[in-house]
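Number of protein chains: 2
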Amino acid sequence: MSRTVQRIGVFDSGIGGLTVLKSLMELLPHTNMVYLGDCARLPYGTKSPKTIVHYSLQCSRFLASKDIDLLVVACNTASAHALGALEQELEIPVVGVIEAGARAVIDSGGRRVGVIGTPTTIRSGAYVRIMHEIEPDLEIISQACPLFVPLVEEGWFQDEITELVARRYLSGMIEARIDTLLLGCTHYPLLKGILGNIMGSEVQIIDSAFSIARVVEEIVGTPAKDLTHAEVVYYLSDLSPRFIDIGEVILGHEMKYVYDVDLCV
Amino acid sequence: MSRTVQRIGVFDSGIGGLTVLKSLMELLPHTNMVYLGDCARLPYGTKSPKTIVHYSLQCSRFLASKDIDLLVVACNTASAHALGALEQELEIPVVGVIEAGARAVIDSGGRRVGVIGTPTTIRSGAYVRIMHEIEPDLEIISQACPLFVPLVEEGWFQDEITELVARRYLSGMIEARIDTLLLGCTHYPLLKGILGNIMGSEVQIIDSAFSIARVVEEIVGTPAKDLTHAEVVYYLSDLSPRFIDIGEVILGHEMKYVYDVDLCV
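Here the protein sequences line up with chains A and B, keeping their order.
Residues in the first sequence are numbered consecutively from 2, following the numbering used here.
Residues in the second sequence are numbered consecutively from 2, following the numbering used here.
Derived by calculation from the structure, the hints in this document are not laboratory data.
Computed from a predicted structure; not experimentally measured.
Ideal placement from N, C-alpha and C gives every residue a C-beta, glycine not left out.
Be aware that one or more of the hints could be misleading.
Straight-line C-alpha distance at most 35 Å; calculated DSBU-like pairs for lysine-lysine [claimed, not checked]:
no.: 1; chain 1: B; residue 1: K23; chain 2: A; residue 2: K51
no.: 2; chain 1: A; residue 1: K67; chain 2: A; residue 2: K257
no.: 3; chain 1: A; residue 1: K257; chain 2: A; residue 2: K51
no.: 4; chain 1: A; residue 1: K51; chain 2: A; residue 2: K67
no.: 5; chain 1: B; residue 1: K257; chain 2: B; residue 2: K193
no.: 6; chain 1: A; residue 1: K193; chain 2: B; residue 2: K193
no.: 7; chain 1: A; residue 1: K51; chain 2: A; residue 2: K23
no.: 8; chain 1: A; residue 1: K51; chain 2: B; residue 2: K51
no.: 9; chain 1: B; residue 1: K23; chain 2: B; residue 2: K67
no.: 10; chain 1: B; residue 1: K193; chain 2: B; residue 2: K23
no.: 11; chain 1: A; residue 1: K51; chain 2: A; residue 2: K193
no.: 12; chain 1: B; residue 1: K193; chain 2: B; residue 2: K51
no.: 13; chain 1: A; residue 1: K51; chain 2: B; residue 2: K257
no.: 14; chain 1: B; residue 1: K23; chain 2: B; residue 2: K51
no.: 15; chain 1: B; residue 1: K193; chain 2: B; residue 2: K67
no.: 16; chain 1: A; residue 1: K257; chain 2: A; residue 2: K23
no.: 17; chain 1: B; residue 1: K51; chain 2: B; residue 2: K67
no.: 18; chain 1: B; residue 1: K23; chain 2: A; residue 2: K23
no.: 19; chain 1: A; residue 1: K67; chain 2: A; residue 2: K23
no.: 20; chain 1: A; residue 1: K67; chain 2: A; residue 2: K193
no.: 21; chain 1: B; residue 1: K67; chain 2: B; residue 2: K257
no.: 22; chain 1: A; residue 1: K257; chain 2: B; residue 2: K51
no.: 23; chain 1: A; residue 1: K67; chain 2: B; residue 2: K51
no.: 24; chain 1: A; residue 1: K23; chain 2: B; residue 2: K193
If you want a taste of the chain A side facing chain B, the calculated C-beta under 7 Å gives, among others [what the hints assert, rightly or not]:
no.: 25; residue: R42
no.: 26; residue: P50
no.: 27; residue: T52
no.: 28; residue: V54
no.: 29; residue: S143
no.: 30; residue: P147
no.: 31; residue: L165
no.: 32; residue: R168
no.: 33; residue: S172
no.: 34; residue: I175
no.: 35; residue: I245
no.: 36; residue: C265
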C-alpha cells in the first residue's frame, strides 16, 4: 500500500531519534520532514507508562499541527507504550520503531535473538511479544542497558569504559550464544563498533533505526516526480547548545532550522 | 534569626534530594516535611536555564499549596538558576543547596577547592561565584560529571566501572592537588566511598546535602515543645516502582506516604 506523503513527522524523547531521521533522509531524500525532540523531559526510558502516553500524545498533537501525513515514533519507549493511543487519536498512519525492528529480526532469519534497550522498553516486553506473535519458537533474551544513553551523550563511543559497561550488560547474551543482536534504542547505533567487537562477527546486529526507515519507504512508495530539495525542520522542547552539538554528530551534518517549542502549556 | 516553622517543603528534580531530606530529618526530627521529586522530567542537569526556572516555579507553587513555612531547593541545578525567581515569587524563606555548600567550604578552611556537579550546575558557575564573593583568593577548579547520576541510579556505588569513571573525571583535581572536594549534586553523597578512596584521606569531602540541613536548622532554631512524631509526605511527578526502590536505598527506610502529582497541567 503506497500513498502520497508530502511531510513526515518524527518524534523522539530527545536527539537519539535523529538516527531514524538520518536513515529516512537517505532513503527518501525528496520528502519533507519535521523532527520533534522532547529534550525538556528526556529520558522517557526511566519513566512510567502513564507519563509516557501523556507525553507522546502532546508530541503527536504538536506534529499533527504541522500538517504531517505520516507519523514515525522514533522513540522505543513511546512505541512500546503509546502506539495504540496514538493510532486512536490520529487519522494518519503511525509507524513505531519496535514493530519495524521486530520485523527486521524475523526477516533476517535469526534464531537466538538478544534484545537490548532502556529499562522501560525492556520491562514493557514489547519486542519479545511482537516477535513471538510472528515466530513463537524464537529464543529471545532481553537486557536493559540504562548507562548506554548517557555514555553516548558523553561522546564516549569508542572507549574502554563504554566497552567494560557493554561487556557487563552483554555477558548473558554471550553465554547464551545469540546469533542476532537487536539494538532496541535509537542511541545504540552509535555504539555499533564496540558492540560488534564484543559480540564477534558471527553475530548479526539489527539496527532498528534503519529498519523503521525501510518500513516507511514501503508506505511512501515511489518518490514524487517533483525532485526539489526537501525541507527538514527541527523542533526541540529544550533548546540547549549541547543537544545541537550531539545532534549534529549523530546526523553528520548541520541542523539548519532549529526551533524551540513548549509542549507543557 | 529563628522562626516558627511547622512544615518544610523540599524539592528536587528526582530522588537525589532525599539525601537532603534525610539530613533534615536527622537534625529536625519533630518538623513536618513535604518532599516533591519531579521525576517525570528528570534530570534537570542537562537542560537549559529557561526550562529549569519554569520547572522550579511549578514545583514551588505546588509545595506552597501544601502550607509550607520554608522551602529547601535540594536540586543543585535549580539552586543555580532559579533561586532568584523563587525568592521573588514566594513569601517564605527559600534555602538553596548551592549557597549552603559554598558556605560549608569556606567554614572548613579549604584553600584549593574542587567542585563536581552536573553539566548545567558546573556551567552555571554558581558555586565558584558564591565562594569567590566571600573569599576572592580561593583556588577553585570545577568538573562536570554527567555519568555519576546514572551510575548511582544503576546502584553501582562500589564498583570498578564507577571507580574508572570517577578517576577520569577527577584526574585534573588530583593533579591540581586540591585539599577540599565539594559534592555539588545530591546524588553524589552515595559515591563518597569511592571518591574518598581516589582522593585520599588528606582531602576533605564536603557534602552539600548535610550542609544545607545545618543552614535550615539555624533558621528553624529551637525545636517546638510539642515532640509528637513528625509527618513526612512524598510527592513524585512520576510514580515508578524504580524511584521508590532507589529512594528507600537513599533514605535507609520506607517511604510510607507516596503520592502521584501532575505538575504539567
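We went through each hint and held it up to the structure:
At roughly 29 Å between alpha-carbon atoms, B:K23 and A:K51 fall within 35 Å of each other, so this suggested pair holds. Between A:K67 and A:K257 the CA atoms are separated by roughly 18 Å; this keeps the pair inside 35 Å, and the hint holds. This hinted pair checks out: A:K257 and A:K51 have alpha carbons roughly 34 Å apart, not beyond 35 Å. Annotation: proposed proximity of A:K51 to A:K67 holds, straight-line Cα distance about 25 Å (limit 35 Å).
A hinted pair counts as satisfied when its Cα atoms are at most 35 Å apart, and B:K257 with B:K193 qualifies at roughly 27 Å. Among the hinted pairs, A:K193 with B:K193 is consistent with the structure: their alpha-carbon atoms are about 34 Å apart, no more than 35 Å. Our distance criterion of 35 Å between C-alpha atoms is met by A:K51 and A:K23, whose separation comes to about 29 Å. Distance restraint check for A:K51 and B:K51: the Cα-Cα separation of roughly 26 Å lies within the 35 Å cut-off, and the hinted pair is therefore satisfied.
At most 35 Å may separate the alpha-carbon atoms for a hinted pair to count; B:K23 and B:K67 meet this at roughly 20 Å. The suggested pairing of B:K193 with B:K23 holds, with an alpha-carbon distance near 16 Å, which does not exceed 35 Å. As the CA atoms of A:K51 and A:K193 are separated by approximately 31 Å, the hinted pair is consistent with the 35 Å bound. Straight-line distance between C-alpha atoms of B:K193 and B:K51 comes to about 31 Å, which keeps the hinted pair within the 35 Å bound.
Between the alpha carbons of A:K51 and B:K257 the distance comes to roughly 22 Å, so the proposed pair stays at or under 35 Å and holds. With a C-alpha separation of about 29 Å, the suggested pair B:K23 and B:K51 falls inside the 35 Å cut-off, and the hint holds. Under the criterion of a C-alpha separation no larger than 35 Å, the hint pairing B:K193 with B:K67 is consistent with the structure, at around 34 Å. The suggested pairing of A:K257 with A:K23 holds, with an alpha-carbon distance near 14 Å, which does not exceed 35 Å.
At roughly 25 Å between alpha-carbon atoms, B:K51 and B:K67 fall within 35 Å of each other, so this suggested pair holds. Pair hint B:K23 plus A:K23 does not hold up; C-alpha atoms about 46 Å apart against a cutoff of 35 Å. For the given pair, A:K67 sits about 20 Å from A:K23 by alpha-carbon distance, which is consistent with the 35 Å threshold. For a cut-off of 35 Å, the pair hint linking A:K67 to A:K193 stands: about 34 Å separates their Cα positions.
Of the pairs offered as hints, the one joining B:K67 and B:K257 holds, with about 18 Å between alpha carbons and a cut-off of 35 Å not exceeded. Under the criterion of a C-alpha separation no larger than 35 Å, the hint pairing A:K257 with B:K51 is consistent with the structure, at around 22 Å. Note on A:K67 and B:K51: the hinted pairing holds, with a Cα-Cα distance of about 25 Å set against a maximum of 35 Å. Only pairs whose Cα atoms come within 35 Å are accepted, and A:K23 paired with B:K193 is rejected, the gap being roughly 42 Å.
At its closest, the beta carbon of A:R42 sits 5 Å from a beta carbon of chain B; the interface hint therefore holds under the 7 Å criterion. Of the supplied interface hints, the one on A:P50 is violated, with its beta-carbon coming no nearer than about 9 Å to a beta-carbon of chain B, more than 7 Å. Given the 7 Å rule on beta carbons, the hint for A:T52 holds: about 5 Å separates it from the nearest Cβ of chain B. Hint status for A:V54: violated, given a least beta-carbon distance of 12 Å to chain B, over 7 Å.
Hint status for A:S143: violated, given a least beta-carbon distance of 16 Å to chain B, over 7 Å. About 6 Å separates the beta-carbon of A:P147 from the nearest beta-carbon of chain B, less than 7 Å, and the hint is met. Evaluation of the A:L165 hint against chain B yields a held restraint, the C-beta minimum of about 5 Å falling below 7 Å. Taking 7 Å as the C-beta cut-off, the interface hint given for A:R168 is violated, the closest approach to chain B being about 10 Å.
Interface hint at A:S172: violated, since its Cβ lies 13 Å from the closest Cβ of chain B, which is beyond the 7 Å cut-off. Because the beta carbon of A:I175 sits about 18 Å from the nearest beta carbon in chain B, more than 7 Å, this interface hint is broken. Because the closest C-beta pair between A:I245 and chain B is about 11 Å apart, greater than 7 Å, the hint is violated. The restraint placing A:C265 at the interface with chain B holds, with a minimum CB-CB distance near 4 Å, inside the 7 Å limit.
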